[in-house]
Amino acid sequence: MNSKITIAFAIVFALLLGGCSSLRNGGAPPDIPFDYSNFRTLAEAYGIDKFVDAAKNTSSTAVKRNELITGRIAVIDANFYKWTADVRRDRRHGDTAVDLTLIGLGIAGTATKALRAKTNLAAAVVGIAAGKAIIDKNYYFEKTLPALFEAMDASRLIVLRKILEGMGEDLEEYSILQAKQDLDTYMEAGNFDSALAKVGEIATTAKANAQAAIAVLADVTPEDVDLRTELRKTIQALPEAKLAAAQTVIRKLAPTEPDPKDIGEARTALMKLHRANRPPDKMKTLVDALKLAGINVQ
Amino acid sequence: METYIQEIPPDRTLIQIENSVAYEEQDPAHFLKSSLSYHNGKFTNLATFETLADTADSGEFKLLLSPAAAPAGFTKVWEGAMIVERTNTMVTAYRK
Chain A
0 MNSKITIAFA IVFALLLGGC SSLRNGGAPP DIPFDYSNFR TLAEAYGIDK FVDAAKNTSS
60 TAVKRNELIT GRIAVIDANF YKWTADVRRD RRHGDTAVDL TLIGLGIAGT ATKALRAKTN
120 LAAAVVGIAA GKAIIDKNYY FEKTLPALFE AMDASRLIVL RKILEGMGED LEEYSILQAK
180 QDLDTYMEAG NFDSALAKVG EIATTAKANA QAAIAVLADV TPEDVDLRTE LRKTIQALPE
240 AKLAAAQTVI RKLAPTEPDP KDIGEARTAL MKLHRANRPP DKMKTLVDAL KLAGINVQ
Chain B
0 METYIQEIPP DRTLIQIENS VAYEEQDPAH FLKSSLSYHN GKFTNLATFE TLADTADSGE
60 FKLLLSPAAA PAGFTKVWEG AMIVERTNTM VTAYRK
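From first to last, the protein sequence lines are chains A and B. Going by numbering that gives the first Met the number 0, the first sequence opens with residue 0, and the numbers climb by one from there. Going by numbering that gives the first Met the number 0, the second sequence opens with residue 0, and the numbers climb by one from there.
Because the hints were derived from the structure by calculation, they are not lab data. Treat each hint with caution, since some may be false.
20 Å max Cα-Cα, derived SDA-like pairs, lysine to any residue [what the hints assert, rightly or not]:
1. B:Lys61 x A:Asp225
2. A:Lys271 x B:Lys32
3. A:Lys179 x A:Ile162
4. A:Lys232 x A:Leu291
5. B:Lys32 x A:Ala209
6. A:Lys271 x B:Ala52
7. B:Lys32 x A:Lys179
8. A:Lys206 x B:Arg85
9. B:Lys95 x A:Ala214
Quick list of the computed label-pair ranges, beta carbon to beta carbon [to be verified]:
10. A:Asp152 x B:Leu45: 47 to 57 Å
11. B:Thr50 x A:Ala253: 37 to 47 Å
12. A:Thr255 x B:Ala55: 21 to 31 Å
13. B:Glu78 x A:Ile157: 23 to 33 Å
14. A:Ala253 x B:Ala71: 15 to 25 Å
Covered, in the sense of this in silico footprint (three residues per stretch, anywhere, with C-beta under 8 Å from a C-beta of chain A), are these stretches of chain B [stated by the list, open to error]:
15. 14-23
16. 26-39
17. 61-69
18. 73-85
For clarity, every value in this text was computed on a predicted model and none was experimentally measured. Where is the CB? At the ideal position from N, CA and C, for every residue including glycine.
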């Protein structure tokens, strides 16, 4: 009997919280009212067939094309935002409902003295949590949903920019059929397939950039190591009296660099040259230039 | 200070690797570690370095086969596996 009361308590607790207005939309503000009967009219007025008709009509103008584009963008955007809001709200609702049930069952598990009821409730908590994990993995790509929406927004903006540029062109430069094709691409940019492709593209670029940044360490002799060590120490300990000599070397090897005003700036500029001339043959060029200017690398 | 990664080809001898790292450290920089990685179509060594200030002294670097006693005045900075002459080898890095 006690266990029945406890379970009832848990369910009532969860339902009470579920009815709370702040949680009604899964923690999101309420939807802006949208007349979907009007949406249907709009979708029909700016359907694909209207583009085909206008393209066949030889008296169509750029103004007509732009009117069709604007209407079609409004239809696609309304549909996209409705869908993204639904997906986001479903996700939040799912999280909230499951979390509340877990809280309810957890409290009940703590409150009851009956061992059997506690065991049943604990099993229910585990079961619901596991079910939620499966739903998350299968339908919402773990935590990737926000990233996927970001990718969709990026893809949509790229296509939208092309369309808006086209709207500034005359009909010969940007035809009605070209606009229709771009609008199809714009619509397709707002789906998960497109988003995943975009994420993959970004990852491939990042990998290529990372690989390009990895250089192979120079194969050098012990004499090269000694010379580079001495070069570094010479630059780091360059005395004030060698400022003019340092300026000569910097002007010769780094003509775009500003002239160093003091020995500190000269050392910094020479260290930059030291790093830029890492391969042994280039390092020797720097050493020779320093020697020629009167700075001996011991 | 920033870190960066450089490749040490897997066919180099222990001495060649020691020289390559010591040469790189004159940037000045410090060798931190090396990982066996698949890079550009082959298994190789990817070494991580940390940049140092222009005024820093990077010290002297030594790389020995493990296990090995630290050379006099040197401190162990890393121990791990590297591909040396195409062979997976345990090595220890020291710095003075």
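Cross-check of the supplied hints:
no. : hint                           : result
1   : B:Lys61 x A:Asp225             : holds, 14 Å
2   : A:Lys271 x B:Lys32             : violated, 25 Å
3   : A:Lys179 x A:Ile162            : holds, 10 Å
4   : A:Lys232 x A:Leu291            : holds, 18 Å
5   : B:Lys32 x A:Ala209             : holds, 18 Å
6   : A:Lys271 x B:Ala52             : holds, 12 Å
7   : B:Lys32 x A:Lys179             : violated, 56 Å
8   : A:Lys206 x B:Arg85             : violated, 25 Å
9   : B:Lys95 x A:Ala214             : violated, 26 Å
10  : A:Asp152 x B:Leu45: 47 to 57 Å : violated, 35 Å
11  : B:Thr50 x A:Ala253: 37 to 47 Å : violated, 20 Å
12  : A:Thr255 x B:Ala55: 21 to 31 Å : holds, 27 Å
13  : B:Glu78 x A:Ile157: 23 to 33 Å : violated, 49 Å
14  : A:Ala253 x B:Ala71: 15 to 25 Å : violated, 41 Å
15  : 14-23                          : holds (count 7)
16  : 26-39                          : holds (count 4)
17  : 61-69                          : violated (count 0)
18  : 73-85                          : violated (count 0)
Hint compliance for this structure: hints 2, 7, 8, 9, 10, 11, 13, 14, 17 and 18 are not met, and every other hint is.
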